[in-house]
Structures are given as structure tokens and as C-alpha cells.
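Chain A is fixed; fit chain B onto it per the hints.
Listed below, chain by chain, are the residues.
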Amino acid sequence: MTQALAHLADGALRARHAECMEAIAQNQSREAFAELFDFFAPRLKSFLLRLGATDGEAEDLVQEVMVTVWKKAGLYDRRQASVSTWIFRVARNRRIDLQRRSASRPELEADDPMLLPQAEEQPDERVERSQMEESVRAGLARLPEEQLVLLQAAFYEGLSHSEIAEKFNLPLGTVKSRIRLAFGRLRGSLEEPD
Amino acid sequence: MDGTRFSELYSAYAAGRLDPAFALMVETQGALRGDVRRSVAASEMIAGALLEHESRAPLSAGALDRAFAAIDALAEDDIRVPAGDAEISALPEPLRALALEAAGQGGWKLATPGIRRLPLMSGGDLEMELYRIEPGARVPRHTHSGAEYTLVVSGGFSDEAGGYGPGDMIVKGPDDVHQPVGDADGVCFALAIRDGGLKFTGMMGVVQRLLGG
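Residue numbers (our numbering), protein chains in the order written: chain A, 1 to 194; chain B, 1 to 213.
The following block holds chain A by itself, in its conformation from the complex (with noise of 0.2 Å):
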């Protein structure tokens, strides 16, 4: 697996997205839209599946974060995030959203505020996201698989340590250990970790 995540450091794909979400936010190309619906519609229903969503919700919700990407995609800074990231934080806030009305709100329509720039983001910031990306991905191909498959349960699946612990059978102690030394080797040198 380790091998296989060799890509995520390498810049051309994510370079592509980008191109493909900038033809989209310029030109509304259509083109451009297929292709990511292409490479990204598959996966987030995979991941949705992943989560307990039956065949029928996954399909929905993959429609409705694709539109968003059209429908958004000139509030996507290519300095800030990887279009990746963007599209699960789409998805994922979606899926908060949904939570949220069923949670007792009434529906909300204002533009999701996690798509827009962040008024307080200090200048260096973005130049500083564009690091930390690098980081991540470069730390993510050289992890060991051990604290990989840690990672992509906490990080992606969002299971609790102790839920980690239980399914791959390892001590707490360990699990908070070896996720704690990864995301520090991921985030780079950016912060000590505690």
C-alpha cells in the first residue's frame, strides 16, 4: 500500500484538477466538469459506501457534491487546497448540513461558509497551506503501513482511538502513539507536537 500511495506526492494529478476546476470557474467547461466527475464521482461514492450510506443515498449525495463543484468552483484557490481536499470537505460538510437539519433546523441556504475564504486567514497562511500540503503528501508515501492504515482510520473513516484500538486490535496506548508521531511527521515542522 505503501507503494501505491507513491502518486500522492506526485504534484501532476493534483495539477490537473486544478486546471480542470479553473477551466470550470472561466469557461464552464464541460470538458473539464467530465473529467473530474470522471476520477472523483467513483471514489466519494466508494467512501460513502464506506460510511453506511445504502447504494441509492451514496448516488444522491455524489450528484449533489458534483453540482456544488460546479456551481462553486470559482471560489476554488488553488493555493489553499488541493481540489481533493475540497471536494471531501464538500462532501462531508454536505453530509454535516444534512445532520443539522435532521438535528431540528430549519433548512439553511446561505452559501456553505466552509467554501469561502476565510476572513481571518492571515496572508501567510496560504503560502504556509501550500507547504503543509507538500508535507502531508510526501509524508503519507513514505509512512510505514502500520501507521498508515491508523491514519485512514482516524482521518478519513473518523473513528475514535478507542474504536481504532478495538478493530485492529491494538492497545489505546499504541494507537494514540503511533497516529500522534504520524500526523507530527505529516504536518511537518510546522508546530512541536505535544
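Don't read these hints as lab results, they were simulated from the structure. Accuracy of the hints is not assured; some may be wrong.
Stated by the list, open to error - Sample of chain B residues at the chain A side, in silico, Cβ under 7 Å:
| no. | residue |
| --- | --- |
| 1 | E8 |
| 2 | A12 |
| 3 | A42 |
| 4 | G48 |
| 5 | R56 |
| 6 | A67 |
| 7 | A69 |
| 8 | D168 |
| 9 | M169 |
Yeah, the Cβ is synthetic: ideal placement off N, Cα and C, and Gly gets one too.
Showing chain B alone in chain A's frame:
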């Protein structure tokens, strides 16, 4: 609360596993604090990179055509901006949108003189409210049936244990008695979640242990 110690909270948030009330609190804290923003951003980058690595699940026939049909049907901007309230408009997103809407529906309630509260989420296991505390206003001394998690959004207040400013998160358990007083130099907005004394398992249990421990 620093950006690394709570990585479990931020990873759960990034992956969309956190209860909506706590998700909003993390988002608001991230809007206030660079270290939290960086932790969340790194968590999301990991998730995004792993999405590229995800296997492909076949979509139903005509899925792309369906997306194009939805795109063709998009109405020209139907973005509705809620009626303004200058103070609430100055709050960070995503709290701002939620609070503007709740306020627009006449949600503000008078708590005690100088203190108003705006219910944002209720009906589930958790209740979330935005508090507006005027300078010097005193919240009546109170205890809690469960835990109360408070994030200072703007301004500040102090209680018997100390003073708090924007980005600070405070946890009070059922045995804690306190009497917050708004700082003298301006209006304080604070976001509070109460869990009603329920003991949670799973991710909510994680939140209780992280914040209470």
C-alpha cells in the same frame, strides 16, 4: 486547548464524524485560532489525499448526464442573504450564518438583565446557544445537570477560575458552580453546548473525555 492535543477531535471533525453542534464549535474555534485552523487543515489534507487513493464504485448508468441536467436546471443565483444584524454579522462563519437565521426568526430570548441567549440547536441530545453578554453583566450563579462547554467568540468574561478571551474553550461539569461576568470593555459573544448530563459513548464520549479530562 492547543492544536495538537486535540487531534482526535479535529480528525473526527475533518472526517465528518463529529456531532453537528461540536462540528460548529470546532469550525468557530478554527475561525478564531490559527493553530486549530492548521490542525484541521492538515487533517483535511490527509483525508483528501486518501480520497484520491479510494477505490472506484460503479455509478448508475447516465450519472454524468444526470449531473449535467441538474446543472442546466440551476436557477440564476437564488442566494438569500438574511437580514442584517451588525453584531452577528461580525461573528466568524459558520456561526454567523446560523446565528443570523436564528435571530431573523426572532430567536433572541432575554436571560437576565444584560444577557440574551439565542438557541441555535436543540431537540437532540445536545443544546447549543449563543450568549450575548453586555459589559459587567452577571450570569446568575449556576450549576449544570451535565457538562457545559463554552467557547468565547468575541469579547471576554471572567468567573471565579479566571478570565477568558476569544478562542478559549471552557468546560464545566455538574459539580462546578460558577458566576461569569462580562468584561467591562465590550460586548461578549459566547457559544455554549450543554449535554444534559448524558454519558456518551463513541465519538461523543471522546469529546467528553477530551474536554473534561
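Cross-check of the supplied hints:
The closest approach between the C-beta of B/E8 and any C-beta of chain A is roughly 6 Å, which is under the 7 Å cut-off, so the hint is satisfied. Evaluation of the B/A12 hint against chain A yields a held restraint, the C-beta minimum of about 5 Å falling below 7 Å. Interface restraint check: B/A42 against chain A, minimum CB-CB distance 5 Å, threshold 7 Å, status holds. At its closest, the beta carbon of B/G48 sits 3 Å from a beta carbon of chain A; the interface hint therefore holds under the 7 Å criterion.
Against a cut-off of 7 Å between C-beta atoms, the interface hint on B/R56 holds, since the closest Cβ of chain A lies about 4 Å away. Residue-level restraint check for B/A67 holds (minimum Cβ-Cβ distance to chain A is 5 Å; threshold 7 Å). Contact between B/A69 and chain A, as hinted, is not supported at the beta carbon level, the nearest pair being about 10 Å apart and thus beyond 7 Å. Contact between B/D168 and chain A, as hinted, is not supported at the beta carbon level, the nearest pair being about 16 Å apart and thus beyond 7 Å.
Taking 7 Å as the C-beta cut-off, the interface hint given for B/M169 is violated, the closest approach to chain A being about 17 Å.
The structure does not agree with the numbered hints 7, 8, 9 stated previously, though it agrees with the rest.
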